[in-house]
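Student: Chain residues, written in single-letter form:
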Amino acid sequence: MIEAVLIMLGIGATCGIVLSVASKVFYVWEDPRISQVEYFMAGANCGGCGYAGCSAAANAVVAGKAAPSVCIVAGPEAALEIAGIMGVDPGTAEPLLSHNECLGGHRAADKYYYDGAQTCAALASLHGGRRVCVVGCLGMGDCIRSCKFDAIHMGPDGYPVVDETKCVGCGACETACPKSILTVRTMSQRLLHFNELDDALAPCQQTCPAEINIPQYIDQIRKGDYAGAVNTIRERNPLLLTCGRVCPHPCESYCRRGLEDEAVSINQLKRFVADWEMNSGQRLPIPCAPDTGKKVAVIGGGPAGVSCAYFLRRLGHTVSIFEAMPRLGGITRYGIPEYRLPDQVLDWEIQGILDLGVEAYTNHILGRDFTIQSLREEGYEAIFLGIGAWKDYALGVPGEDLKGCWKGIEFLSKVAGAPDKKVPVGKRAAVVGGGNSAIDCVRTLLRLGVEEVYIVYRRTRKEMPANEVEIVAAEHEGVKFQFLAAPVRVIGDDNGHVTGLEYLTMELGEPDASGRRRPVPVEGSETVLPVDMLITAIGQQPEIDFLEKEAEKDNLAITRWNTFDNDPELLQTSLPYVFTGGDAATGPSLVVDAIGGGRRAARSIHQYLTGEEIKTSPKSLLKKHIPESLFKTVPGVIKKPRTPMPELPVADRITSMVEVDLVISEKDAVHESHRCLHCCRLCYDPEVPETPPEAQVVAQG
Amino acid sequence: MEYIEIIVAGIFVNNILLAQFLGNCPFLGTSKKMETALGMGMAVIFVLVMAGTITWMIYNWLLIPYKLEFLRTIAFILVIASLVQFVEMFLRKSVPALYSGLGIFLPLITTNCAVFGACVLNTDKELTFMPALVTSFAYAVGFALALVLFAGVRERILLARVPKPLQDTSIALVTAGVISLSFYAFRGMV
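If you're matching them up, the sequences are chains U and G in order. Take the first sequence: its letter number 455 is residue 455 in my numbering, and every next letter is one higher. One rule links them: number in my numbering = place in the second sequence (from 1) + 701.
Extracted from the complex, chain U is given alone in its bound form (with noise of 0.2 Å):
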């Protein structure tokens, strides 16, 4: 017996020394904050956190990999006790939740029958599933059998609908799924999504230069969810009420429903449920990520720089903005017209941006009132240069400087920074150009009471680059149009003042490389218009002589139509620090481009700060579509009448500066998101045509 006990002592004896021996020689240095976090977890090894086991989550954290609050069975209280081991703020890691991207289910067709397949797993690995759409929801429920916490349940439409109050957000489902249905993610990184080939979008969606979740915003307001509406465009334009009004909205060019019938009026419903907000008298709350202290200087308060401090903010960095002119809002306050966009709705709007913690500075002139050097040493890690293009090009004729001359940019901003909004003007204005400032331009000149206004174009109608609507309203508004004339000489009377503008007849030759018919000049065909004011309005390119003073300047590389040098995708200039968008970035373009450019500009800055790889991904789509996504015709749609535009009647609105287009009715509006065909990649939501009564009765019989 004794020999018993001593034996087995001294196995023990043994295997205790050689193993406290062997943990001494083959000792591997651990963090020891990884026992530490490890000890306030739950220990519960449930996986719920989606790593395998707490001390492999203790792991993550330590690693930077996961937040203190991984944990999803400890609790808030674990949370700050880890945060205390790690030194961080217990709040840095926002929730995750879980969403669903697809919206077919059954209504995409199917491609194969399966005979006895289970699981999405099954379906996915013979020939990709049953849809047609590559990357649709299979509808076996993979991702409801994988959710430990019962989250998510199959919707009547044959997708999964994920319950937000019970999504913990542990990542499962997007494990399970062999799509990429079910996607968990942050605010912050739905904030900074970007198209991708593999998404489930339609083509609205991906003509859209801010991808704003077009068949969404419309479904929500078919089902009387306004705000749902307003925060779905939010997640990817701030300026909705901006966008509502003076988008030209390419969007509605690819709409499916354009193809048998007449587009749906998407920006009509954008402005609708924007207006919604407005007049309801609050604002809806817009959440924030966590601070993380980091600061950015923005500088340009333009639709760009808004837009850009805007996303910024939200994913918790501290914002500046630093704009030259008396108030913020940049070509959109000061080169759209009050009657297009009213300052009281962009002041509406701004002051929403503004109040998520937003810091603007006016008045502060780049270059004059400091330079980028000033804010790097200022503390400001990243810098956002939105100066848009506010130099006027001129039209490189002689007698352009004569008195009652203008530049389309410098004639707007000041009729736009007066307080009544005027300016002394002549009786009879030519304005040269055929784009949307030209247009402006004459457009005020009305309102301001001359008498003649002439648009001088040196091609014709066709060729205006102007939108259509607006083209339209001055038809009607009795401007009168010179096509085919390219301005030679200015003349002015002794005084220096303007009496007439000399033009050359063109004749359209053959096509240029824009694909539009080149202008040739008729010999000796000088004709005379005159005039006693002339405004050129024939674009415009950014305004670079701050970079005199700038210490760096020979590194920012800028291109010949002085713009600043810039990767379109990820809108980094050739100083690592300075993000760009907007009209700098691009020439100029479109409001809801540069909205797009400040959001693309916020990603590669928050991936700056944080100090990974400034990258996109390899499958952006950037503004390309989807071949597959577009069809040449779109069996089941029924005729039905589009939403005409409100406007005031010409005679009401030619003598102010009140806002001509008028919003749509609740009822309009209804009946316009009930033309949406809710389309996504491939699938739509074909119409079915209403059973007359009678009908009814006797397929009843």
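These are computed hints drawn from the structure, not numbers from a lab. No experiment lies behind these values; they were computed from the predicted model shown. Backbone N, C-alpha and C define an ideal beta-carbon position, used for all residues, glycine too. Misleading hints may appear alongside valid ones.
Think about it this way: if two alpha-carbon atoms lie no more than 27 Å apart in a straight line, the pair counts; the simulated DSS-like pairs of lysine-lysine are [to be verified]:
1. Lys-549(U) to Lys-640(U)
2. Lys-794(G) to Lys-65(U)
3. Lys-865(G) to Lys-148(U)
4. Lys-615(U) to Lys-553(U)
5. Lys-111(U) to Lys-619(U)
6. Lys-65(U) to Lys-734(G)
7. Lys-480(U) to Lys-427(U)
8. Lys-295(U) to Lys-549(U)
9. Lys-65(U) to Lys-391(U)
10. Lys-734(G) to Lys-148(U)
11. Lys-624(U) to Lys-462(U)
12. Lys-640(U) to Lys-667(U)
13. Lys-223(U) to Lys-639(U)
14. Lys-148(U) to Lys-733(G)
15. Lys-414(U) to Lys-391(U)
16. Lys-553(U) to Lys-294(U)
17. Lys-462(U) to Lys-623(U)
18. Lys-794(G) to Lys-24(U)
19. Lys-865(G) to Lys-734(G)
20. Lys-414(U) to Lys-462(U)
21. Lys-865(G) to Lys-111(U)
Sample of chain U residues at the chain G side, in silico, Cβ under 8 Å [stated by the list, open to error]:
22. Val-18
23. Ser-20
24. Phe-26
Please build the complex by placing chain G on the supplied structure of chain U, with the hints as guidance.
Tutor: Chain G alone, transformed into the frame defined by chain U:
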């Protein structure tokens, strides 16, 4: 020749999982994916060879001389558990790649009855040192082979129409039985 016979017998005829039904918990638990099955198989081969050697030494050089055979079970458990711990520490320091490859399967083997069973069988048969070592190796390879085969079958079952009441573990047990029957064909070969 003798060793080839031992190996064939260990892998096929007396397959530790399918003929002797030892180690069924990891057989069902880690066979859902080929990847994990391979990891587990490798870890078992590694540990079983070590354990077979050391337990043989303890039994033949310590317990038999002192006539303490009745201590076999408790001594083996102690030794195997310590051994796994030791191997884990050793691998972590010296072969980090293998350590991270084996992952959580290494500590899981502490409670694997296939390992203990193989050691006990070796002593029961009163094998000499080298045959015991080769037998341990063969058993371990047999374990890995059965696990990998089973994982392959289970991955295919996902694509099959399984009646609701039989899904998942039930059908896995039925399948295990069928595979076991097919291994019955090796009986009498050696």
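Student: Within 27 Å, alpha carbon to alpha carbon, are Lys-865(G) and Lys-734(G)?
Tutor: Holds. Lys-865(G) to Lys-734(G) sits at ~21 Å (cutoff 27 Å).
Student: Interface hint check: Ser-20(U), Cβ to nearest Cβ on chain G, cutoff 8 Å. Holds or violated?
Tutor: At 10 Å from the nearest chain G Cβ, Ser-20(U) fails the 8 Å test, so the hint is violated.
Student: Between Lys-794(G) and Lys-65(U), is the straight-line Cα distance small enough, at 27 Å or below?
Tutor: Holds, at about 24 Å.
Student: Checking one constraint from the list: CA of Lys-65(U) to CA of Lys-391(U), max 27 Å. Satisfied?
Tutor: violated (47 Å)
Student: Can you confirm whether the C-alpha distance between Lys-414(U) and Lys-391(U) stays at or below 27 Å?
Tutor: Answer holds: Lys-414(U) to Lys-391(U) is near 14 Å, not above 27 Å.
Student: Within a Cα-Cα threshold of 27 Å, do Lys-549(U) and Lys-640(U) meet the stated pairing?
Tutor: The given pair, whose Cα atoms are some 59 Å apart, is violated under the 27 Å limit.
Student: Please verify whether Lys-865(G) and Lys-148(U) have alpha carbons no more than 27 Å apart.
Tutor: holds (20 Å)
Student: Return the status of the interface hint for Phe-26(U): holds when the least beta-carbon distance to chain G is below 8 Å, violated otherwise.
Tutor: Nearest chain G Cβ about 4 Å off; hint holds.
Student: Is Lys-734(G) close enough to Lys-148(U), meaning Cα to Cα at most 27 Å?
Tutor: OK: Lys-734(G) and Lys-148(U) at ~20 Å, within 27 Å.
Student: For Lys-865(G) and Lys-111(U), compute the direct alpha-carbon distance and say whether it is at most 27 Å.
Tutor: The hint holds at about 26 Å.
Student: Check the hint pairing Lys-414(U) with Lys-462(U) against an upper bound of 27 Å on the C-alpha distance.
Tutor: violated (30 Å)
Student: Are the Cα atoms of Lys-111(U) and Lys-619(U) separated by 27 Å or less?
Tutor: holds (25 Å)
When held up to the earlier numbered hints, the structure conflicts with 1, 9, 20 and 23 and fits the remainder.
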